[in-house]
Amino acid sequence: CVNDLDTLPLDEDLLTADKLTDDASYKGMLAKCYAAFVVGGQTGVDGEPDISSINGGFSSYLRQLWNHQELTTDEAICAWNDGNLRDLHDMDWTASNEFVTAMYYRITLEVAYCNNLISLTKDQDEFKAYNTEARFLRALAYWHLLDMFGTGPFVTEEDPVGSFFFPEQATAQQLFDYIESELKAIENELPAPRTNEYGRADQAAAWMVLSKLYLNAETYTGTPKYTECITYTQKIINGGYSLESNYENLFLADNNLSNNEIIFPLVCDGERTQTWGGMTFLIHSTVGGDMPASDSGIDGGWGGNRTTSSFVNLFDDITGETDSRALIWTEGQNLEIGDIFSFRDGYALRKFRNITSDGVVGSNLSHPDTDFPLFRYADALLMYAEAVVRGGSGGDMGTAVGYINQIRERAYGNADGNITDADLTLDFLLDERGRELYWECHRRTDLRRFGKLAGGDYVWPWKGAVAAGKSVDAKYNVFPIPGADINANPNLTQTTGY
Amino acid sequence: QVVSISGKVTDQETGEGLPGVTVLVKGTTNGTITNFDGDYTLSVDQGVTVQFSYIGYETTEFVVSSAQTLDVALRLDTEQLEEVVVIGYGQVRKEDATGAVASVSSSDFNQGATSSPQDLIQGKVAGVFIQSEGGAPGSSAKIRIRGGSSMSASNDPLIVIDGMPIDNRTIDGMSNVLTSINPNDIASFTVLKDASSTAIYGSRASNGVILITTKEGKQNQDFRVELQSKMTVSEIKEYIDVLDADQFRALVNQRAELNSSVNPALMGNANTNWQDEIFQTAIGHEHNLSVSGALDKIPFRASLGYTDQFGILRTSSMDRKTATFKVNPSLLDDHLKITAGIKYMNIGNRFADKGAIGSALRFDPTKPVFNNTGIYGGYTTWLMSDGSRNVNGTRNPVAQLQQKRDESDVNRYIVDAQANYKLHFFPDITATLKVGLDESDSDGFVNTDRSASWVRTALSGVERDYTQKRRNKLFNFYVNYKKDLPGIASKVDAMAGYEWQHFWSNASAYEIDRFSDVVEDSKDETENYLVSFFGRANYSYKDKYLLTATMRADGSSRFHKDNRWGYYPSTALGWRIIQEPFMENLNAVSNLKLRLGYGLTGQQELNTGDYPYLGVYRLSDSRTQYKLGDQYYTLIRPDGYDQSLEWEKTTTYNVGVDFGFFDNRLSGTVDFYKRDTKDLLNTIPVPAGTNFTDRLLTNVGDLENIGFELSVNAIPVSTKDLSWELSFNLTHNQNKVTRLTNYDDPDYKGVDTGNISGVGVGNTIQKHAVGHPLNTFYVYEQVYDANGKPIEGLYVDRNNDGTVNENDKYYAESPTPDVFMGLSSTLYYKDFDFGFNARAAIGGQIYNNVIIGARYQELTVNEYLTNMPSEINNSKFATAQQYSDYFLEDASYLRLDNVTLGYNFQKLLKKSVGIDLNLRLYSSVQNVFVITDYSGLDPEVNEGIDNDIYPRPRVYLFGLSASF
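Chains as they are written, first to last, in my numbering: chain A, 25 to 522; chain B, 16 to 979.
Since the hints were made in silico from the structure, they are not lab data.
Since this is a predicted model, take the numbers as computed values, not measurements.
Hints may be right or wrong, so weigh each one.
[Unchecked claim] Here are the simulated EDC-like cross-link-like pairs (lysine to aspartate or glutamate), alpha carbons at most 16 Å apart as the crow flies: (1) B/LYS538 x A/GLU36; (2) B/LYS336 x B/ASP323; (3) A/LYS259 x A/ASP226; (4) B/LYS484 x B/GLU542; (5) A/LYS146 x A/ASP46; (6) B/LYS484 x B/GLU540; (7) B/LYS484 x A/ASP35; (8) B/LYS538 x A/GLU72; (9) B/LYS576 x A/ASP28; (10) B/LYS506 x B/GLU110; (11) B/LYS538 x A/ASP37; (12) B/LYS336 x B/ASP424; (13) B/LYS488 x A/ASP28; (14) B/LYS233 x B/ASP311; (15) B/LYS751 x B/ASP833; (16) B/LYS576 x B/ASP625; (17) B/LYS557 x B/ASP499; (18) A/LYS152 x A/GLU211; (19) B/LYS559 x B/ASP111; (20) B/LYS497 x B/ASP558; (21) B/LYS497 x B/ASP111; (22) A/LYS146 x A/GLU181; (23) B/LYS538 x A/ASP35; (24) B/LYS576 x A/ASP30; (25) B/LYS764 x B/GLU821; (26) A/LYS152 x A/GLU213; (27) A/LYS51 x B/ASP645.
Could you put together the complete structure from these sequences and hints?
Written as structure tokens, this is what we have:
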């Protein structure tokens with residue numbers, strides 16, 4: 025009877041590795057590598073969570089990415105009293121902040137999922153595509169690590185799992201080099217732009233990450249790479265994309281139709297991809313006060329995120345009548361924020377909605393069908409222009425201004441907002457990126473590149489935890505490595521200042 | 016005709032006179048007691064039966080025919096002298112026991128409203144801490160023996176019912192494993208506390224073992240019928256002090272002037288006390304009937320029980336039906352003893368939504384219960400300005416109770432059979448074989464009225480059906496060798512055995528939303544095995560020096576092949592000092608024994624499923640898929656795992672002294688112990704990127720428990736008409752985490768634990784930290800102004816670095832009291848009995864989570880108003896200060912658990928109507944009072960965080976028990 029001790033799971037939902045060798049299994053693992061950017065766990069809703077240090081719904085990669093890229097800036101502030109959430113906008117987080125910790129583990133977990141699939145499909149030609157896409161997703165995650173943390177543990181498919189070992193720490197330069205080499209290695213193995221299945225990465229997705237890597241290279245490593253940025257944004261621009269004619273359609277429940285502009289979406293679905301993170305969070309958390317929830321296609325707002333007057337002031341006309349991108353809700357709201365914890369303080373933004381371009385409500389009132397446009401064409405145009413202004417070679421000012429005016433013409437509906445060569449300054453570009461890309465997880469990276477994130481060059485309401493805003497220490501340009509991992513891995517050294 | 020009898024009562028063996036023997040006319044109160052020499056004189060009616068009884072001797076009866084000299088020689092009652100204690104896989108004579116073992120038999124059980132077995136011994140045993148999870152009918156209880164040895168793994172003791180180790184994991188719809196037994200069927204509890212006595216249970220013994228023996232019939236016993244009936248009335252003791260409607264109106268109007276987001280127009284005109292609306296006075300009744308005796312030389316006992324209990328929170332109720340049958344015949348000239356029994360139980364629960372308790376504190380008291388609009392079932396519901404439902408608004412507490420039916424029906428039966436065969440040709444050897452089956456199933460549903468406001472969101476299930484089944488099988492076989500070796504003044508008792516257990520369960524759930532779309536359709540099945548070999552040797556020399564050694568090897572399917580087997584040895588020494596010649600002249604001392612014990616035990620109940628070491632892939636459900644192209648894909652995820660996971664091991668050292676004075680009128684036990692847990696399972700952060708999770712359970716920590724226990728029993732008065740028994744126990748246990756991580760890191764603050772609520776998601780208030788007890792509160796030190804009012808947001812800069820941040824938090828106390836005490840007293844005066852049980856705890860802290868909501872900001876957050884505790888008038892906090900030690904309070908208390916007064920009609924009935932019926936009527940009050948400085952309702956809360964607990968009611972009980 026001693027042999028009874030050899031047991032295998034009886035649950036049909038639990039499988040050992042030897043049962044997972046066919047195409048369907050590998051595609052299921054690839055689906056997890058993609059889905060891990062959106063959902064918190066394996067059962068509805070965010071049950072069997074992937075990470076356990078924070079509630080399953082909170083743990084969604086996209087939700088944390090949004091919190092880290094937006095709450096830390098002039099674009100967003102949250103009314104909730106969840107743990108140390110407010111520290112993100114206050115810019116006084118510590119290495120034990122649970123949200124920073126969740127973001128960090130989300131990124132490194134994505135790396136681990138991808139490593140596993142890469143290792144399993146290694147040298148199996150029939151699964152080459154999965155292998156390549158997993159390498160892309162891993163590079164994307166490592167770029168997030170580089171961008172937000174500046175450093176971190178370095179693990180590849182060569183390392184073991186199922187035990188505790190201590191990975192070495194990668195410097196920013198090492199991360200930069202690795203991401204660059206990986207993306208260049210798979211660049212030609214990925215399908216041409218717009219030829220892969222919807223939701224899956226193609227060459228343009230890899231080029232977007234490369235472009236962003238190069239545009240921010242000076243920030244990351246001290247070495248500018250604007251010329252390379254121009255090279256790669258040009259590849260995207262020649263990839264067959266065009267601007268969606270109606271700006272608002274990019275953020276609606278049928279924005280999967282806007283794949284002429286959206287280069288890489290995180291796919292959400294009301295019935296089949298349910299989470300309290302992802303777009304559920306993004307749409308619900310931004311509805312409150314007198315905003316009718318039904319107009320956003322949801323069953324009720326959570327009254328959390330709205331914006332600061334600094335962002336509102338980027339628009340000369342906030343009604344949306346001149347610049348259609350000003351999707352600002354003012355009714356029942358105050359422009360200035362007296363009480364952080366009152367949703368009515370600060371204008372709301374109604375950018376993302378669970379309603380189609382035809383006005384039909386999404387399939388589910390709790391969980392939107394709206395996809396998140398992680399990368400889109402307009403950003404490639406803006407990056408090209410900025411790389412030119414910053415002195416990269418291979419592009420020219422005239423083309424840059426032309427690209428900006430494409431974006432402006434879509435926003436204004438006519439040429440009234442068009443600019444000239446003289447208008448195309450760095451300050452203009454930062455503001456224009458805000459107007460075009462707000463709440464799309466770019467703001468923190470952008471402010472930092474322009475030297476306006478930490479420090480006192482630019483302050484916005486409640487930066488530094490005071491109503492008027494104040495300067496904060498330069499260390500807040502990156503997040504600390506969570507204390508949890510510093511304790512777990514003796515090879516890690518904490519970022520200076522933390 | 017009255018005649019006088021007199022004589023001398025002697026010990027049959029020694030012929031010496033016996034003082035203190037009770038001489039009584041049977042069935043009356045007429046009697047006397049022998050004097051110092053054993054002489055007595057008594058006047059009696061001719062023809063009556065006179066009884067001679069004395070502790071430790073067989074009771075003897077004579078019929079008085081005439082005036083006579085009646086000398087009586089009493090025989091030692093060997094059965095009674097050989098008082099045995101049940102231990103693992105056997106029993107020992109009490110005086111030969113070498114471990115820290117405490118037993119409580121039915122005569123010492125707590126009286127009163129005992130609907131669950133653990134209530135019988137609450138406060139009775141030193142080192143055993145029992146706390147009910149709340150006042151719901153049939154609610155579960157936390158039982159901790161010597162403080163628990165684990166941090167994240169289970170700290171529940173192993174429970175063994177009639178030799179069957181029971182799976183501690185409960186089944187859905189039954190909150191408490193122990194409720195599967197009717198308290199009236201229990202004959203005794205034996206608590207094994209130290210490792211020398213528990214190690215025989217190996218990998219499940221680290222948290223102590225509770226052995227429960229059920230009642231059974233006796234050989235040659237007359238038929239005996241017992242009937243018990245009780246009726247209870249439960250009522251809430253007090254409400255949480257919240258603002259009433261007028262106070263609330265005043266506050267809203269006052270705050271509206273300061274803050275534009277507070278909108279007085281949201282208020283109504285009613286005056287509703289929401290707590291009044293959700294609580295009720297609840298009645299219950301319980302009836303038990305048992306028949307025992309011997310039928311054709313086959314002793315048996317059969318019982319039926321029925322309990323029906325309403326809860327004080329409206330809509331909660333429980334009914335329980337139990338039935339048992341047990342036979343224990345001896346065959347083949349007593350060489351073969353068979354015990355077979357079945358215990359059956361059925362529980363019907365209706366659970367009330369406990370969320371209503373919190374909602375009742377928060378719902379606007381100016382609003383009526385019903386708004387009579389017809390929507391949402393007519394219950395007042397928070398709406399947005401556009402008339403749509405406010406999803407964030409507090410739920411109507413009455414609707415939460417009335418618009419939901421959460422019911423379950425649970426069956427459990429335990430069947431076991433044991434054969435005990437003393438070899439005919441070699442009677443020193445006894446072989447025992449036991450088989451057992453413990454099966455339970457539950458069938459439940461949770462239905463919500465489709466008009467209920469909170470199911471208006473898609474995805475909120477309105478009809479949920481679930482089932483669960485557990486089947487645990489046991490087989491064991493052991494051989495016992497027992498031999499007296501008078502030639503060398505030694506006795507040997509050795510045992511070796513094998514045990515096999517299989518634990519299997521499955522579960523399914525099916526849930527639809529209000530559009531009848533399927534929200535959940537899940538199935539689950541899991542199992543694990545335990546295979547064990549064990550042995551024990553007892554050796555005694557001259558009945559003075561005792562040695563016990565045990566060994567167990569446990570194999571668990573929950574670990575990797577390489578770590579699967581654990582070996583748990585123990586040894587103990589006993590010295591019966593009372594037997595030494597030098598004690599002979601110390602007449603006052605009637606018992607003195609020294610015990611030394613050492614043992615190693617393990618823990619495999621990790622709370623992480625049955626395959627924690629195995630790398631597996633988990634498939635996602637239909638709501639968690641991802642769309643690539645036109646198709647939705649099931650997600651296949653590798654789960655995190657630690658292949659080298661293994662047992663937690665606890666080493667226990669124990670020193671104990673058993674003592675008795677004045678013929679054991681005063682007796683007791685003192686124990687000191689130290690327990691070191693190694694390879695403590697802690698869920699620690701994995702080095703990021705190295706595993707498929709962020710935190711993983713692994714063996715990294717060390718924990719230490721040091722304790723002291725004292726229990727004393729006294730019989731201060733023992734006369735014919737009046738006797739008084741007192742028992743007192745005291746426990747001190749100090750635990751301390753000594754290691755938590757893979758490597759030493761002085762900056763490591765510890766593991767977050769202790770979730771608090773009322774301030775968003777994800778806030779914790781406690782840490783398991785090195786150098787501190789488990790669950791130590793980790794908080795800021797509040798600064799107060801000259802008037803003693805807390806200054807909001809101002810905390811002491813404890814590290815003096817000029818700023819106050821996370822690093823200024825400090826480790827306060829833990830919720831565990833330094834000292835527990837239990838006191839019970841029973842007084843018999845003629846036919847009256849009066850008893851009480853009290854408990855006290857000194858030290859420990861409690862976090863008042865209930866009053867966290869007392870902050871002005873909470874008045875309005877998202878277009879609705881929130882009521883708050885009256886505490887707001889003290890702190891006047893504007894925003895949440897949840898990490899302030901302002902909310903920590905001293906948790907010490909003195910509690911009178913119950914008081915019972917009874918009257919026995921036996922003599923009265925016999926005298927007046929001539930019926931030999933034992934009838935007792937009694938009345939008791941449960942949860943009489945609590946003396947404490949704690950400002951909340953009840954200082955006894957789980958893990959020290961007081962958060963909307965189901966209040967423990969005060970219960971008035973009227974009962975009768977009859978037997979004939």
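Next pair to validate is B/LYS497 with B/ASP558; report whether the Cα-Cα distance is within 16 Å. 15 Å, holds
Assess, step by step, whether the Cα of A/LYS146 is no farther than 16 Å from the Cα of A/GLU181, and give holds or violated. 9 Å, holds
Pair hint outcome, B/LYS336 versus B/ASP424 [Cα-Cα no greater than 16 Å]: 11 Å, holds
A/LYS152 and A/GLU211 were given as a pair; does the straight-line alpha-carbon distance stay at or below 16 Å? Holds - the C-alpha atoms of A/GLU211 and A/LYS152 are around 13 Å apart, at most 16 Å.
Holds or violated: B/LYS557 and B/ASP499, Cα atoms, limit 16 Å. 11 Å, holds
Is the straight-line distance between the alpha-carbon of B/LYS576 and that of B/ASP625 16 Å or less? At roughly 14 Å apart (the allowed maximum being 16 Å), B/ASP625 and B/LYS576 satisfy the hint.
Has the given pair, B/LYS538 with A/GLU36, been kept, meaning a C-alpha gap of at most 16 Å? 8 Å, holds
Run the distance test for B/LYS538 versus A/GLU72: straight-line Cα separation, threshold 16 Å. 14 Å, holds
Under the criterion that the straight-line Cα-Cα distance not exceed 16 Å, is the pair B/LYS576, A/ASP28 satisfied? Holds - the C-alpha atoms of A/ASP28 and B/LYS576 are around 12 Å apart, at most 16 Å.
Checking one constraint from the list: CA of B/LYS538 to CA of A/ASP35, max 16 Å. Satisfied? Holds, at about 8 Å.
Under the criterion that the straight-line Cα-Cα distance not exceed 16 Å, is the pair B/LYS497, B/ASP111 satisfied? 14 Å, holds
Hinted pair, alpha-carbon criterion (16 Å max): B/LYS538, A/ASP37. Please report holds or violated. With Cα atoms ~9 Å apart, B/LYS538 and A/ASP37 stay inside 16 Å; holds.
Checked against the numbered hints above, the structure violates none of them.
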